[in-house]
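Novice: When you get a sec, could you build the whole thing from the sequences and use the hints?
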Amino acid sequence: MARKKVSYTHKLARTLALLADPGLLLVSSKRSGESNVMTIGWATVGIIWGKPIFVVMVRPSRYTYEFIEDSGVFTVNVPTMEMRDWVMVCGTQSGRELDKFKAYNVPTEQAKHVPSIVIAECPMVYECQVVHTNDVIPENLDPSIEASAYGGKDYHRLYYGEILGAYASEAF
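So the number in this note's numbering is just where the residue sits in the sequence shown, counting from 1, plus 84.
Hints are not guaranteed to be accurate.
[What the hints assert, rightly or not] Below 25 Å or equal to it, Euclidean Cα-Cα: the simulated DSS-like pairs (lysine-lysine) are:
id : residue 1 : residue 2
1  : Lys114    : Lys196
2  : Lys114    : Lys186
3  : Lys237    : Lys135
4  : Lys88     : Lys135
5  : Lys95     : Lys135
6  : Lys184    : Lys135
7  : Lys88     : Lys237
8  : Lys114    : Lys95
9  : Lys89     : Lys135
10 : Lys95     : Lys186
11 : Lys196    : Lys89
12 : Lys186    : Lys196
No wet-lab data here; the hints were simulated from the structure.
Specialist: Structure follows, in structure tokens:
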């Protein structure tokens with residue numbers, strides 16, 4: 085899909101609405117070139133340290149965690165509504181058992197600013213370099229969130245990714 089460079093704030097309200105439903109697609113590639121994709125529904129975008137930052141949350145149990153830890157980069161891909169079924173697959177199937185790109189014949193392209201890939205069919209992509217990480221600290225978490233999201237285990241790591249490039253299609 086043809087995309088042009090845009091501000092990271094380009095149609096940000098639309099990106100955030102799609103984050104809530106059906107979710108965005110988080111991709112990372114290891115230094116070896118192997119890539120994985122997962123659906124995310126929790127993230128945020130803003131200015132931190134004077135830089136445009138996309139903060140994504142990944143549990144250590146997720147396969148994608150290994151990829152971001154290895155390379156320190158990720159891309160956030162905004163899907164089309166026609167991709168809704170695949171977004172669901174990416175949120176329910178682990179890349180440990182299934183290469184979701186190959187199994188569903190989903191084309192990818194090399195990112196322009198980070199050594200990772202983007203999903204060719206996505207009309208908006210963000211290319212990010214990790215500049216900081218934080219782990220959720222259970223004892224600092226509101227008890228109602230701890231109970232509903234964690235139940236005492238598998239607390240997220242937050243990846244603060246400096247947005248090095250944002251690209252959108254004409255239709256987005």
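Novice: Confirm or reject each hint.
Specialist: Hints and how they fare:
{"no.": "1", "hint": "Lys114 - Lys196", "verdict": "holds (16 Å)"}
{"no.": "2", "hint": "Lys114 - Lys186", "verdict": "holds (17 Å)"}
{"no.": "3", "hint": "Lys237 - Lys135", "verdict": "violated (32 Å)"}
{"no.": "4", "hint": "Lys88 - Lys135", "verdict": "holds (21 Å)"}
{"no.": "5", "hint": "Lys95 - Lys135", "verdict": "holds (18 Å)"}
{"no.": "6", "hint": "Lys184 - Lys135", "verdict": "violated (32 Å)"}
{"no.": "7", "hint": "Lys88 - Lys237", "verdict": "violated (41 Å)"}
{"no.": "8", "hint": "Lys114 - Lys95", "verdict": "violated (29 Å)"}
{"no.": "9", "hint": "Lys89 - Lys135", "verdict": "holds (17 Å)"}
{"no.": "10", "hint": "Lys95 - Lys186", "verdict": "violated (30 Å)"}
{"no.": "11", "hint": "Lys196 - Lys89", "verdict": "holds (10 Å)"}
{"no.": "12", "hint": "Lys186 - Lys196", "verdict": "holds (22 Å)"}
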